[in-house]
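In the order they appear, the protein sequences are chains D and C.
If you read the first sequence in my numbering, its first letter stands for residue 1, the second for the next number, and so on.
If you read the second sequence in my numbering, its first letter stands for residue 643, the second for the next number, and so on.
Source of the hints: derived by calculation from the structure; they are not laboratory data.
Because the structure is a prediction, the values reported are computed rather than measured.
Please note: incorrect hints may appear among the correct ones.
Stated by the list, open to error - Okay, the calculated beta carbon distance ranges per label pair:
#1 S550/D / I676/C: 29 to 39 Å
#2 V483/D / K662/C: 17 to 27 Å
#3 K6/D / D895/C: 49 to 59 Å
#4 S783/C / K297/D: 52 to 62 Å
#5 G496/D / P755/C: 28 to 38 Å
#6 S550/D / K663/C: 15 to 25 Å
#7 N30/D / S783/C: 16 to 26 Å
#8 N30/D / D895/C: 30 to 40 Å
#9 R20/D / K663/C: 53 to 63 Å
#10 G325/D / K646/C: 31 to 41 Å
Claimed, not checked - Below, simulated BS3-like cross-link-like pairs (lysine-lysine); rule was C-alpha separation at most 30 Å, straight line:
#11 K200/D / K252/D
#12 K653/C / K383/D
#13 K855/C / K60/D
#14 K491/D / K690/C
#15 K690/C / K497/D
#16 K60/D / K752/C
#17 K383/D / K726/C
#18 K690/C / K498/D
#19 K690/C / K383/D
#20 K491/D / K662/C
#21 K60/D / K844/C
#22 K696/C / K498/D
#23 K646/C / K383/D
#24 K497/D / K696/C
#25 K844/C / K31/D
#26 K491/D / K696/C
#27 K383/D / K796/C
The beta-carbon is built from N, C-alpha and C at its ideal position, and this holds for glycine as well.
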Amino acid sequence: MQLDAKIPEGPLSEKWDRRRFENRLVNPANKRKYEILVVGTGLAGASAAATLGELGYNVKAFCIQDSPRRAHSIAAQGGINAAKNYQNDGDSIFRLFYDTIKGGDFRSREANVYRLAQVSNNIIDQCVAQGVPFAREYGGTLANRSFGGAQVSRTFYARGQTGQQLLFGAYSAMMRQVAAGKVTLFPRREMMDLVVIDGKAKGIVCRNLVTGRLERYCGNAVVLATGGYGNTYFLSTNAMASNVTAAWRAYKRGAGFANPSFVQIHPTCIPVHGDYQSKLTLMSESLRNDGRVWVPKNSGETRDPVDIPEEDRDYYLERKYPSFGNLVPRDVASRNAKEVCDQGRGVGETGLAVYLDFRDAITRDGHDVIMRKYGNLFHMYEKITAQDPSCRPMMIYPAVHYTMGGLWVDYNLMSTVPGLFVLGEANFSDHGANRLGASALMQGLADGYFVLPYTICDYLAETGYNMHDTNHDAYTVAEEHVVQHIDALMKNRAAGKKGLQTVDDLHRRLGRILWDHCGMARNRDGLARALALIPELRQEFWDRVTVPGSGQELNQALERAGRVADFMEFAEIMVQDALAREESCGCHLREESQTEEHEALRDDANYAHVAVFEYKGEGKEAALHKEPLVFENVTPTQRSYK
Amino acid sequence: MAAKIISLNLKVWRQNGPDKKGALENYRLENISIDMSFLEMIDVLNEKLTVEGKEPVAFDHDCREGICGMCGAVVDGIAHGPEKETTLCQLHMRHFQDGQTLTIEPFRAKAFPVIKDLVVDRSSLDIIIQAGGFISVNTGSAPDANGIPVPQHKAEQAMDAAACIGCGACVAACPNAAAMLFVSAKISQLALLPQGAPEREKRALSMVQAMDKEGFGNCTNERECEAVCPKGISIRNIARLNREFLRASLLSDEQG
Numbered sequence: 001m002q003l004d005a006k007i008p009e010g011p012l013s014e015k016w017d018r019r020r021f022e023n024r025l026v027n028p029a030n031k032r033k034y035e036i037l038v039v040g041t042g043l044a045g046a047s048a049a050a051t052l053g054e055l056g057y058n059v060k061a062f063c064i065q066d067s068p069r070r071a072h073s074i075a076a077q078g079g080i081n082a083a084k085n086y087q088n089d090g091d092s093i094f095r096l097f098y099d100t101i102k103g104g105d106f107r108s109r110e111a112n113v114y115r116l117a118q119v120s121n122n123i124i125d126q127c128v129a130q131g132v133p134f135a136r137e138y139g140g141t142l143a144n145r146s147f148g149g150a151q152v153s154r155t156f157y158a159r160g161q162t163g164q165q166l167l168f169g170a171y172s173a174m175m176r177q178v179a180a181g182k183v184t185l186f187p188r189r190e191m192m193d194l195v196v197i198d199g200k201a202k203g204i205v206c207r208n209l210v211t212g213r214l215e216r217y218c219g220n221a222v223v224l225a226t227g228g229y230g231n232t233y234f235l236s237t238n239a240m241a242s243n244v245t246a247a248w249r250a251y252k253r254g255a256g257f258a259n260p261s262f263v264q265i266h267p268t269c270i271p272v273h274g275d276y277q278s279k280l281t282l283m284s285e286s287l288r289n290d291g292r293v294w295v296p297k298n299s300g301e302t303r304d305p306v307d308i309p310e311e312d313r314d315y316y317l318e319r320k321y322p323s324f325g326n327l328v329p330r331d332v333a334s335r336n337a338k339e340v341c342d343q344g345r346g347v348g349e350t351g352l353a354v355y356l357d358f359r360d361a362i363t364r365d366g367h368d369v370i371m372r373k374y375g376n377l378f379h380m381y382e383k384i385t386a387q388d389p390s391c392r393p394m395m396i397y398p399a400v401h402y403t404m405g406g407l408w409v410d411y412n413l414m415s416t417v418p419g420l421f422v423l424g425e426a427n428f429s430d431h432g433a434n435r436l437g438a439s440a441l442m443q444g445l446a447d448g449y450f451v452l453p454y455t456i457c458d459y460l461a462e463t464g465y466n467m468h469d470t471n472h473d474a475y476t477v478a479e480e481h482v483v484q485h486i487d488a489l490m491k492n493r494a495a496g497k498k499g500l501q502t503v504d505d506l507h508r509r510l511g512r513i514l515w516d517h518c519g520m521a522r523n524r525d526g527l528a529r530a531l532a533l534i535p536e537l538r539q540e541f542w543d544r545v546t547v548p549g550s551g552q553e554l555n556q557a558l559e560r561a562g563r564v565a566d567f568m569e570f571a572e573i574m575v576q577d578a579l580a581r582e583e584s585c586g587c588h589l590r591e592e593s594q595t596e597e598h599e600a601l602r603d604d605a606n607y608a609h610v611a612v613f614e615y616k617g618e619g620k621e622a623a624l625h626k627e628p629l630v631f632e633n634v635t636p637t638q639r640s641y642k
Numbered sequence: 643m644a645a646k647i648i649s650l651n652l653k654v655w656r657q658n659g660p661d662k663k664g665a666l667e668n669y670r671l672e673n674i675s676i677d678m679s680f681l682e683m684i685d686v687l688n689e690k691l692t693v694e695g696k697e698p699v700a701f702d703h704d705c706r707e708g709i710c711g712m713c714g715a716v717v718d719g720i721a722h723g724p725e726k727e728t729t730l731c732q733l734h735m736r737h738f739q740d741g742q743t744l745t746i747e748p749f750r751a752k753a754f755p756v757i758k759d760l761v762v763d764r765s766s767l768d769i770i771i772q773a774g775g776f777i778s779v780n781t782g783s784a785p786d787a788n789g790i791p792v793p794q795h796k797a798e799q800a801m802d803a804a805a806c807i808g809c810g811a812c813v814a815a816c817p818n819a820a821a822m823l824f825v826s827a828k829i830s831q832l833a834l835l836p837q838g839a840p841e842r843e844k845r846a847l848s849m850v851q852a853m854d855k856e857g858f859g860n861c862t863n864e865r866e867c868e869a870v871c872p873k874g875i876s877i878r879n880i881a882r883l884n885r886e887f888l889r890a891s892l893l894s895d896e897q898g
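Turn these sequences into a full structure, and let the hints guide you.
Dropping the structure here:
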């Protein structure tokens, strides 16, 4: 597997300009001869589909939901970063770049991150022009808030529903192209395989989730914008249908998978409260602007939080990190929450929670101001827990939230399979070992609106617009493979086997293994243990999973079974990656590699690289390749937020 | 403190396809924790049915945090159930009594054909958006974001309308199966913002036309939509839609 990142020559700030100039172009009259398949319609997919349609390409857009407006980008709450420097507080493109690469603990590419910071400003312009109702100051200019890992105020927001509003912007731009006949929508379709012909991505096989029929689609290029794999852990803040399937099937067709162990565990989520629980709910990081995180000073505290006096509270983030305080990056906040809970100072029924307290903010700014900022989040918290955060502190605990790892892409967002482009959370490119808050929306829209439309052009100009049709053998082979997979998932019930288990039961057990051994803190023994347990569980899955109904109809149990089957395989490279990376960085804390103050201790001499896994065939161990990370403009340092 | 447990009798609409006949089926559920969400309660039912070798109840859902708009069913005659401004996924079982009987049906409307059990086809809402629920600005052609000042109260009102999640509860609750609340939310958002002005008339005319064509009814001020809307979208938006439509009909030189 060749890993050529194709980073342009020249000074950092000129690289993207150079690449845009070097790229071949497709003339406007020829663009209509090309067909592009876009899988996934979240921020990255919808913005790419809309923009490609505007440019004149023919686009087919696929999503698993009933409408593209439901993609999980919609759930992003807090905001989107940009280096506008509207607050005049010293922000700049370089500062956004530096904060992002430092926040990622120096495990991402300089050139990619710099480009992200460069186009961040265009994104805000574009979204405002589309009618995204961002928060405003009285004078009518845009408002900003602060987010973790930054000391400037650069986050644009629409109440606690920024992802929703940005998605509606991209969705409506795409719908405009649907009306114009440039984008065709295929909702309730799940990509089951990637079709590769002569080494290039040329099409996909989908399952129509309503009829169960398999469908073939061909194109000149395939764009995956299928999100992250947080649901491998069963419990996460992801939507129920979020999955790794499209990415995993692409991996099995030759796409390298980068840094699979880099999983962000978000510090502020509503704690787990029962076995039946199906998902975890995030409470936006923006709450840490005004909420203060604390636990009782002493373990065994039994008083109600409102009765605990100031001197018996430990505002541990403010105490340990005086300059960033409650706004330390997510990985740091999560690990500290775990640490105080491990010390027995956790709160709530399970002892696995810390307080997030708005008392002081309400006293300072008044109830109305706080409700205007966070009303919908308070409302959501109250729905779930029946407690009002304006009267008593929230209880929060870390939960799996975002995956920095993903399919490997070069600077042009192309994977190791030519013609297969990967955008948004589905790729690995910009966040290193930890993503800063309000950067996911920025990256998704940067990829879709401002990066892919330029870079895909170069590939299309090179390969031309001639296409194979879907009668090509490669489609038949891929489709047969999918049929066998579905039959295998349904065979146990058909055979009337005993001791059958439901998909969710088995998935929950996989999640438990990963949370225990490949979660917030990892060590060699635990990871080795997980590597032994996962194949056993996978065997049990195939022997015992029961899927009711048939494959020829709407069958949600079958959909879940297919996704969990892929999680069961994928989990293995995730753990392998965590085991091979014998350093700590960002989200990845190896207990063997810590500073005296229990901060992540990197090993730049041996691990300043992207770990990329290559599929070697069924039952064979994946090959590990390394793309070295070169730092010419920043010096990797021990991150300090003190 | 152990979580409180209740038992329920469920009557759930089962329908095996768009052209099949459907009926309510009875199920008994024990040991339901009151901390569960309504959808987690259906998960428990489905696990039970699966283990018994029966077909689970098909229902749409995704984010389970009240924002994607994918879930929704009629519970005892009320779209999204009895709690005000709450999607079905955010409705928790603590609002129900031990031994209660609950009837669960799909959102019903001519424009929302049933696909299976509680799953309905709401693609007509996307078709209405395609008719004009956007601002025509190609990527790359936007001016600086602060070049378009928007008064704070206008931005807030636009945001109130933009909060619509497109779940379709308003349609299911309306005796006329009208989509006026949904349409008015989008029209209001864009009519309140300066960016929406150039296409204001065209938008109102063509979205209303698409709404009629998709088989939705018209508003007769029943206010049922507002009562069930999980995001509290106000029917003032419908008044604004009517004004926008009238204004466009009288003044516009554009054809819808």
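Hints, verified against the model:
1. S550/D / I676/C: 29 to 39 Å: holds, 36 Å
2. V483/D / K662/C: 17 to 27 Å: Cβ of V483/D to Cβ of K662/C: about 26 Å, so the range 17 to 27 Å holds.
3. K6/D / D895/C: 49 to 59 Å: With a Cβ separation near 52 Å, K6/D and D895/C satisfy 49 to 59 Å, so the hint holds.
4. S783/C / K297/D: 52 to 62 Å: Holds, at about 57 Å.
5. G496/D / P755/C: 28 to 38 Å: Given a distance of about 35 Å, which is inside 28 to 38 Å, the answer is holds.
6. S550/D / K663/C: 15 to 25 Å: Because 19 Å falls inside the window, the suggested range holds.
7. N30/D / S783/C: 16 to 26 Å: holds, 22 Å
8. N30/D / D895/C: 30 to 40 Å: Since N30/D and D895/C have Cβ atoms about 37 Å apart, the given range 30 to 40 Å holds.
9. R20/D / K663/C: 53 to 63 Å: For K663/C against R20/D, whose Cβ atoms are near 60 Å apart, the range 53 to 63 Å holds.
10. G325/D / K646/C: 31 to 41 Å: holds, 39 Å
11. K200/D / K252/D: holds, 14 Å
12. K653/C / K383/D: holds, 25 Å
13. K855/C / K60/D: Distance of about 25 Å is within 30 Å: holds.
14. K491/D / K690/C: Status holds; Cα separation ~20 Å.
15. K690/C / K497/D: Status holds; Cα separation ~17 Å.
16. K60/D / K752/C: The given pair, whose Cα atoms are some 28 Å apart, holds under the 30 Å limit.
17. K383/D / K726/C: Since the Cα atoms of K383/D and K726/C sit roughly 11 Å apart, the hinted pair holds (cutoff 30 Å).
18. K690/C / K498/D: This hinted pair holds, its Cα atoms lying about 16 Å apart.
19. K690/C / K383/D: holds, 26 Å
20. K491/D / K662/C: holds, 27 Å
21. K60/D / K844/C: OK: K60/D and K844/C at ~27 Å, within 30 Å.
22. K696/C / K498/D: Holds, at roughly 15 Å.
23. K646/C / K383/D: Holds. K646/C to K383/D sits at ~17 Å (cutoff 30 Å).
24. K497/D / K696/C: Holds, because 15 Å separates the two Cα atoms, which is no more than 30 Å.
25. K844/C / K31/D: Roughly 29 Å between the alpha carbons, so the hint for K844/C and K31/D holds.
26. K491/D / K696/C: This hinted pair holds, its Cα atoms lying about 16 Å apart.
27. K383/D / K796/C: holds, 29 Å
Of the numbered hints stated above, none is contradicted by the structure.
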